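Chains A, B and C, in that order, are what the protein sequence lines are.
Going by the numbering used here, the first residue of the first sequence is number 1, and it counts up by one from there.
Going by the numbering used here, the first residue of the second sequence is number 1001, and it counts up by one from there.
Going by the numbering used here, the first residue of the third sequence is number 2001, and it counts up by one from there.
Since the hints were derived computationally from the structure, they do not count as laboratory data.
On a predicted model such as this, the values are computed, not experimentally measured, just so you know.
Just so you know, even glycine gets a beta-carbon here, dropped at the ideal spot from N, CA and C.
Among the hints, a few may not be true.
[Unchecked claim] Okay, the calculated bits of chain B under chain A, using three or more residues with CB under 8 Å as the criterion:
| hint | region |
| --- | --- |
| 1 | 1037-1050 |
| 2 | 1133-1146 |
| 3 | 1155-1164 |
| 4 | 1222-1235 |
[Unchecked claim] To give a feel for the contact side, a few chain B residues facing chain A, derived at Cβ under 10 Å:
| hint | residue |
| --- | --- |
| 5 | G1216 |
| 6 | F1250 |
| 7 | H1252 |
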Amino acid sequence: MTPILAFEAVSFDYPDGTPALERVTFSVERGEHVALLGPTGSGKSTLLQHLNGLLMTDRGVVRIDGENVNQNSVRAVRRKVGLVFQDPNDQLFLPTLLEDVAFGPLNDGKRPAEAEALANRTLQELGLDTAGNRAAHHLSGGERRLAALATVLVSRPQVLALDEPTGDLDARSRMRLVRLLRQRDETLLVATHDLGAAQALCHRGIVLHHGTVVADARLENILADHDLLERSGLAAALDD
Amino acid sequence: MSFHHLDQYATTASPITRATPTARVVGTVTLACGAALLPLGAWIPLLALFTLVVFIAAVAHLPARAIIARMSGPFVFVLVASAGLLFLVPGNAVGRIGPVTISDAGLERFGFVLGRATVALGAAVVLVSTTTFPQLLGAFRQLRLPVVVTTSLALAYRLVYLLVDEMERLQRAAKSRNAGGGNASRRRLLIGVTAAGLARAFARGERTHRAMLARGYQGEVVALESLRWDALQGVLVAGLVVVVLATVLFAHVAP
Amino acid sequence: MAHIPDGFLSAPVIAATAAVSAASLAVAVQRSRRTLEEREAPILGAATAFVFAAQMLNFPLGAGTSAHLLGGVLVAVLVGPWSGMLVLFAVLLVQALLFQDGGIAALGANTLNVAVIGGGVGFVLYCWVLGLTGDGSRRRMVAAGLAAFASTTLVGVAVAGELALSDTVPLVPALAAVGGGHLLVGVGEGVLTGAILALVARSRPGLIAAHGTAERGLQPWAYVVLLTSAGLAVAAAYIASARPDALEATLRGLGVSDSATSYLQSPLAGYAAPIGGAWIAAIVGVLVVFLVIWTFVRFGAKRRVSS
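Given the sequences, and given the hints that come with them, work out the whole structure.
Following this line, the structure appears as structure tokens:
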């Protein structure tokens, strides 16, 4: 079976020349839940943005469902990959939640009535059905993260990429979000510092350090390897 | 003028809040323009329009206190601005305040300008008290305002909240560092905060853009559909327009 | 609070300014579409949000007064004149309807003043000053500051003119109070615009250089049209003036002799119906402004440098 997600020797430099990714290679099968670990600045966000073509490199290949990610395929790729950003405020940019969640379907060519129905259904699935007419700044932190997730889930992507989904959440909201994600059958790629959440959600871990993959194994093995965690700057996270 | 009051509207159900936002906007604009277009001295028509505004406010179940409170700020501004009319307009003297003479023409003009302003303000306050920002946007779209304008406003709404929060925080931090400084340093502080605000606004704009692209944005922001009119609303609004138009025309044409 | 509230302008002036603003915005929509990139919507959203936020700040001027940033030239420099006018209009629209800052009927006048004159004409002045100083990062800031000062002063003159033509306030006191006030505000606006752009240029230099090319003035034809327009404008103001004696007094004050003013008075001495006069003046005024705008659009700063 073609992996749903494949990075082949992907290298990428920031505009100012600093290397961000160095020959990153890995592949993910359909349905896997993978944790992307690494300290701040290790390139996790940069990697995630290559999944849906927000960043594109000419060194190496990124494949989504077998298809090369490039200018021509980017539209189709973005239908398959849902990216949830680190700051939910980035994704909630319209006056009401309903409009935000309907944005994806509307851009996909759905008619307004249909987009609205889809948006309402997704909000209901996430327990936000009463919040449709509210603005994002009237929601709690936890609700806002769920809302950001809703804006992506509504389009039924095959791959869900999440950048620090548990961010600054309180314990209860964090648990709610993790429980919700566990039940999903999409392929998950979760970039996170939150090792507890990673353990609850994922079976496999990829460790990034200065833009290179230094480990790609079962998560429990990674977390048990203290030397590895030290070397990659993750030991501190374990103490949290 | 705190931005955070923007969302605190009366959510009382009433025939006015049940009307489509576009109907409310058209009604408000009609009344405000009607009052503003009255020629100087048309007191009876002004009173007629005033009664109309009060009637609509009553139908909207708006408490008088809320309306007056909302109007007070802008009203004071108009009061101060029109005060000059008392003595700048030539006419027969009717009184003195210190070195300035108040003329009869000035008094009448002052009164009428204030009257026009009050009626227009009243109409605007009724709108603001019964309509949320997203509804207002929907009305703008239905009224075929330029897409650039409605899209800019749609995207600006969330950004303003985030921006004002950030700028307030910057202001507080800078103020504590600048404690005791005079006007000049306060100005420098504000310039710094404004410039930082500008940079952040554009930075956030770029992040918004990335999020939009991730969800398939191609260059056009498509909107959900606004509420439709029904025949009754159409008739009522048309009736209002006719009444106001007639009042204004009468005021201009009658001797 | 800085915009004209409802109640101060007469029907002809309301109608005339609304007509001119609507036409200007229509041109702006047309023109902005040509340079519209897919990136544009969030950028304009950011600019709109910034103008809102910035206009809420109070800048102390001293002696207990404070001013607000109008932001006309600032916005025009950042997103271009046409988009800038639309952004300013969007802000004015919401301020009028939701904040009662500026009248609803007066929206046409406020748009003309803040968006068209403050933003559009301000941008033209910016290009002209650049034509004189030459291009360069620092020069752009200076040019923007000067243009902001000049355009704000023009806004003051426009407001005074609108009030006078509405027969609300006589012309001379209006010019003194409002025009003079805007002159002071203009100084603040100029300094603020330059300073803000300077600070922003440090972190994001590309933002400043995106719009506006050095313009060495208009083509010759344009000056002919502008002079004619100026003449028509004066005539229109005279016709509208229900109090020719005020104009006379002004002229006398300016040193024009009695005989000259009596000559001016006689051709129109028998003119009846002040209402008719005002409406005719309004129509002529609109035509004048159309001519001016058309001149700038046709013979003026056409080329834009987009990054």
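Outcome of the hint check:
no.	hint	result
1	1037-1050	violated (count 0)
2	1133-1146	holds (count 3)
3	1155-1164	holds (count 6)
4	1222-1235	holds (count 4)
5	G1216	holds (4 Å)
6	F1250	violated (41 Å)
7	H1252	violated (40 Å)
Violated hints, in rising order: 1, 6, 7; the structure is consistent with all others.
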